[in-house]
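**Student:** These protein sequences, in sequence, are chains A and B. Going by the working numbering, the letters in the first sequence line up with residues 2 to 363, in that order. Going by the working numbering, the letters in the second sequence line up with residues 3 to 302, in that order.
For the record, the hints were derived by calculation from the structure and aren't laboratory data. Bear in mind the structure is a predicted one, so any value in this text is a computation, not a measurement. Cβ coordinates follow ideal geometry from the N, Cα and C atoms, glycine included. A couple of the hints might just be wrong.
Claimed, not checked - Mimicking DSBU-like on lysine-lysine, the simulated pairs with C-alpha atoms at most 35 angstroms apart in a straight line are: (1) K5(B) - K104(B); (2) K255(B) - K185(A); (3) K27(A) - K213(B); (4) K137(A) - K104(B); (5) K27(A) - K280(A).
Unchecked claim - Chain B stretches covered by chain A per the calculated footprint, using a threshold of three residues with CB under 8 angstroms from any CB of chain A: (6) 151 to 158; (7) 166 to 180; (8) 183 to 189.
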Amino acid sequence: MASITLDGLAHAYRPDPRGPQDYALKEINHVWRQGGAYALLGPSGCGKTTLLNIISGLVVPTRGRILFDGHDVTRLPTEARNIAQVFQFPVVYDTMTVRENLAFPLKNRHLPRETIARRVEEIASRLDMSAVLDRKASNLTADAKQKISLGRGLVREDVAAILFDEPLTVIDPHLKWQLRSSLKELHRSLDLTMIYVTHDQTEALTFADTVVVMHDGAVVQTGTPEELFERPAHTFVGHFIGSPGMNVLPATVEGRTAHVGGVGIDLIRSYPTLPAGEKVELGVRPEFATLAPAGSGVPVKVRRVDDIGRARIARIEIGGHPAAALMPETLSLNGDEAGLTLDARQIHIYSGGVLVAGEGAP
Amino acid sequence: MEKPLNNRAWLLVAPVFLIVAFSAIVPIMTVVNYSVQDTFGNNQFFWNGLGWFQELLDPTTELGGRFFDALWRNLLFSAIILAIEVPLGILVALSMPREGWKVAATLVIMALPLLIPWNVVGTIWQVFARADIGLAGWAINALGIDYNYTGDSLAAWITIVVMDVWHWTSLVALLCYAGLKSIPDAYYQAARIDGASRWAVFTTIQLPKMKRVLLIAVLLRFMDSFMIYTEPFVLTGGGPGNATTFLSIDLVKLALGQFDLGKAAAMSLVYNLIVLALCWVFYTVMTNTGSERQQVETQP
């Protein structure tokens, strides 16, 4: 049982990193609470797997420390850490039965035979694998193999955290839900820290209590799924989470009005602290922008309407900049002119991509 | 529905049939024809029935004696070759570099012996191992060990085995290396997390994953060593005495040296059957492990 602290962690694969561009992982300070369900979300190549491998000890970071419950484990080898990891592609030992696979980590640690047998039975019943214990592991399906690799972590009573590196990549879509909910169940019944790496926002948002969004080697936001949705701390988070993503429009701000390509939008906060010289953008999610008849709200041009099943999304232009908005069922358009009503509380201002807190919010 | 009968398809098969007939069936039937006859030259042949085969398979006769002697020599040689080259090849593959310029360098160096024509290999070693002018032979004698492969059977055997190991271990190593390279990193990482020792990693991950290429390596090395001819022929010519006379060398002696066409034909047919039978065994084992794997992937 442990909380995991990342203290000024950074990693470069080159031996002589010169500038920030050489770092696969820029400096990170973060605490993974004991018993939390975390997701590490980001596109391919954003450094999330590097971070995971540093936690599990497969990679030694260039700078910084990693602490388990306050003990520095930065230079400890993998096998000396209380960590288990489930990989993208199922790893089972082909020549062994399921039982031998589950017993393998305990056998390597020279536990008494009775203890091993008891633990294996226990974990097998938890994973619903008691029936296949004596089958060759290589003869099972991909999702069963993933359960075995998870089981090899769970049998160890000392395991403090389980790391998942995109574990559902090779699983059939209809089994993904099943496996994900059994993971969630396991997390609830076992007091384990779980860190789940994925580039799939649905997986991240449904699995985790806290989502850590990474972009270009840096953590851009840590928060609950709601926070990520309602207050993206970075335009990247706005883009990456949500479907379609947040509208990010170049803007200038004067007092409580933002100007987007000559169109004025009312704000409920003012932003006197905006640094000069940085690019200013206005962000609003399509879910908080609703199309209205021409003449009301902000004037926009409608280019196209997509039916995405649960809603209709209008592709519009605000002051010449493309955006997306909700199209109410009852609205019928006359030509391409329309109005746009915005939920003023859900309009965010970004400076250089980073969220700026306004002043005078009600 | 009545199927239309059309025999024109035979015309399309005819060219292939002709080529196979001239390249395989006719030569083999010629050998079969020789094997049931005796000749004293002058292109005169006499019917001998299964006489040569009976003599060949009876170790108490002169022909049978030398056939079984050569056969045991062959089997012993193949066993020694496999026992050395397979473990050595695995060991070499395990210690080969995994990335960087060293990979290319190692691969080129490893491939070199495989590119040398077989009779040149024989010649190289014949000179290299000579006690008077060869570097290796001279050096061994200079160390005080009496070594002369032209006079001593054991020395001749050791020289041939070392030569074969030098020539062919690369093949086993390269095959194993390919097998090792195909193992995803996640397996090694999982093994580290599971606290597996180096030996456990070898027996539970590397060896099982190499099984298929190893089978191919064993098949290739067994067949090649069982049919070995050129290198020992150049190096020792089958001597001293008959110490290194393998089946193929004996066959050539019998057919071209003594011109005993009937005996040689019978011997080559039996030799051929042995090779075919062993091939079949290997093939069955290999396809069985292959289908085992298929089963794995298609199972619900």
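**Student:** Counting residues of the segment 183 to 189 of chain B with a beta carbon closer than 8 angstroms to any beta carbon of chain A, are there 3 or more?
**Tutor:** It holds: at least three residues are needed, and the segment 183 to 189 of chain B offers 3 whose Cβ sits within less than 8 angstroms of chain A.
**Student:** Can you take a look at whether the segment 151 to 158 of chain B is actually covered by chain A? Rule is 3+ residues, C-beta closer than 8 angstroms.
**Tutor:** violated (count 0)
**Student:** Do the alpha carbons of K137(A) and K104(B) lie within 35 angstroms of each other, as the hint requires?
**Tutor:** With a Cα-Cα distance of about 38 angstroms, the restraint between K137(A) and K104(B) is violated, given a limit of 35 angstroms.
**Student:** Taking only the CA atoms, is the gap from K27(A) to K213(B) under or equal to 35 angstroms?
**Tutor:** violated (42 angstroms)
**Student:** Quick check: the segment 166 to 180 of chain B, covered by chain A? Criterion 3+ residues, Cβ under 8 angstroms.
**Tutor:** violated (count 0)
**Student:** Take the C-alpha atoms of K5(B) and K104(B), compute the straight-line distance between them, and say whether it is at most 35 angstroms.
**Tutor:** violated (64 angstroms)
**Student:** Does K185(A) lie within 35 angstroms of K255(B) when you go C-alpha to C-alpha?
**Tutor:** violated (77 angstroms)
**Student:** Does the alpha-carbon distance linking K27(A) and K280(A) stay inside the 35 angstroms limit?
**Tutor:** holds (22 angstroms)
The structure does not agree with the numbered hints 1, 2, 3, 4, 6 and 7 stated previously, though it agrees with the rest.
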